[in-house]
Amino acid sequence: MSTLAPSLAPAASGTPASAAGRAVRSEAGVYAVGLAVVLVLALPLRLWGIHAPFESSDQAEMANLVLFSGGVRWIFAHAYGPVLAILAKVWAEAAVRLGWPLTESVFRSLTTLLDLAQVLVTWPLMRRLGCTRRQALAGMVCCAVLPAMVSNAHFAWSHMSAWLLTGAVALWATLAYCEDRRRWQLVLAGGALTAHCLSSAIAFGLPMTLLVVWIARWRRRAEQAKPVGARVYGWEFVVGFVLPCLAALAIIFGSWLWTGGGQLGHLIAKFSAGHGGWRWGQIVRLPGMWIDLFGYLFGVIAAAGLLHATCSWRTSRTADRRGLLAMWAWSSLVPFMLVADWDHIGYVGGYVIETVYCAALLGMLLACELYGRLARRPRLRAATAAVSVLAVGHLAFGAIDACLAGGRWSALTGVSVPWGTLRPDTGIKAAGWYVRRHVPPDVIVMSLHNNKGMEAPVAAVYTGRHVLAGYDLPDRSLDELVTMMEADVDVVIVPAENWSLVERLAGFERVCTIRRDSWPVRFVCARAALHLARVDADTDAMNRRYDDLPTPERLPTALACPAAFPAAMGKYKTVVAQLRRLP
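Under our numbering, think of the first position of the sequence shown as 46, with each following residue one higher.
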């Protein structure tokens, strides 16, 4: 017999204590395996292709601002609030101090980390919403493969990642404070709410949801009939909700007064251009957008979960907080659906990321709840599990195809999340290397592009100089643009499909041919009198040479600007404005 004290003696193998210990270890093992599955799914999906060249102005916009903008005015002039701009600036400055080259991987890694943090925050948020551990783990698995979030992770300008993460943290911290009453939770809730409101031009859904949380808390105080508690609640409400919202509004309004831009300036410009107002007809487009974001299979589950939570939740009940996700989803979607003109928004799905996140979690919760209720019907239970696994697998395949493989199987998956989609290398970075290496700084360069390709921010980032380029040029205008600007440019960077527009230029010759898998994808032509070096190489080789160029030692860096460039740019803008008005 053991001589140890009873409380320290090892339990016999058949005792209830030993059985409980084995159950705890088994449960911990299940969660450890589940977390490993989440990481195995989330990390490769978000890190794959993180080094790919920027292929559009949206991809390169934040890098352009960080590299070439001095002071802080540009931060508060940012159309989607200062939060992501501040994070990107601090991130890039840290990279420079550490001696890291400012490659595409560095700029994308910030939003990648924000998106990974969102996956991890899902666990504590769902637990505070009253979900079981297994339900929270299922929610994390869904977020790990959610196409919209995978696309965000590859989008270097993804203010949506900061917007969603700060919103989730604010909701979690508010719920945590309501239960634990720890002051740091209240401070975190207020700070996250302020950051959330300063991370997007439209931040309405989460504040409305948090207001519901605080009203429910006030009702509980009123039912307890404690006047002292009511006064304490008033102080909590001010610190956790009122002051954060007022601070955000003050910064938004002050940014507009100072810069003429910012979130308020962006909205005013949109409405002044006729891109706002009531759009009731857009309701019929919601199913198509839903399929783009979730695919054919999981879209049904997500919609069912959202509708089930909406119908079953009553604000007077506090036991089931999962209805808060439905509140957040609808209060984010409905204003955007009715007020914004989707025809003048590049990536509609990115603006409803809050709704996508909440609906995905509610869909998984519905599947888990249905699985639990069918314990006495093994066949239906097995069918529910099989359909759920198939839907999540289909969702993961859709994320891989849409975000990493260019959407080759979109007809099968239904998924389309183009804002962060990795595109085949079109030689933009290679053209930038040629300009940096072989084109004199006093030469005027023009880049031909349409609504993607070497637009103004992309050209600036890769060439390190001012380039005649714009945004979203109509294809029909390129021929006339080349003709009218011929006398003012010395070098033209042109995609292979538009080579016929420049090969007829008198006095110009092809000096650089950029190939991908032996096929030409982009050319550089220049005036023969410049006698520029002739290069014919593959994109991979030229991209490596670009990465070997000296990295900036401080930020911001200066863009090279030829003496004749301001006049040429003035003419370029005039010509583009005229061509846009053509039928």
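Hints listed in this document are in silico derivations from the structure and should not be mistaken for laboratory results.
Glycine included, each C-beta is placed from N, C-alpha and C at the ideal position.
Careful: at least some of the hints might be erroneous.
[Unchecked claim] What follows is a set of in silico ranges between Cβ atoms, one per label pair, in the way DEER data are often shown:
1) 516 to 280: 40 to 50 Å
2) 249 to 589: 25 to 35 Å
3) 422 to 517: 37 to 47 Å
4) 81 to 345: 25 to 35 Å
5) 226 to 321: 37 to 47 Å
6) 321 to 256: 23 to 33 Å
[As the list claims (entries may be wrong)] Okay, derived cross-link-like pairs now, BS3-like style, lysine-lysine, Cα gap no bigger than 27 Å in a straight line:
7) 497 to 616
8) 618 to 497
9) 618 to 315
10) 616 to 315
11) 616 to 134
12) 315 to 497
Outcome of the hint check:
In this structure the hint that residue 516 and residue 280 lie 40 to 50 Å apart at CB holds, the actual value being about 48 Å. Between residue 249 and residue 589 the beta carbons are some 46 Å apart, a value that contradicts the proposed interval 25 to 35 Å. Against the hinted window of 37 to 47 Å, the Cβ-Cβ separation of residue 422 and residue 517 comes to about 55 Å, which falls outside the hint. Under the hint 25 to 35 Å, the C-beta atoms of residue 81 and residue 345, about 29 Å apart, fit the expected range.
Take residue 226 and residue 321: their Cβ atoms lie about 42 Å apart, and the range 37 to 47 Å holds. For the pair residue 321 and residue 256, the supplied restraint of 23 to 33 Å holds, since their beta-carbon distance comes to about 24 Å. Straight-line distance between C-alpha atoms of residue 497 and residue 616 comes to about 22 Å, which keeps the hinted pair within the 27 Å bound. At most 27 Å may separate the alpha-carbon atoms for a hinted pair to count; residue 618 and residue 497 meet this at roughly 18 Å.
A hinted pair counts as satisfied when its Cα atoms are at most 27 Å apart, and residue 618 with residue 315 qualifies at roughly 21 Å. In summary, the hint linking residue 616 to residue 315 is supported, as the alpha carbons are separated by about 26 Å, within the 27 Å threshold. Between the alpha carbons of residue 616 and residue 134 the distance comes to roughly 33 Å, so the proposed pair goes past 27 Å and is violated. Of the pairs offered as hints, the one joining residue 315 and residue 497 holds, with about 21 Å between alpha carbons and a cut-off of 27 Å not exceeded.
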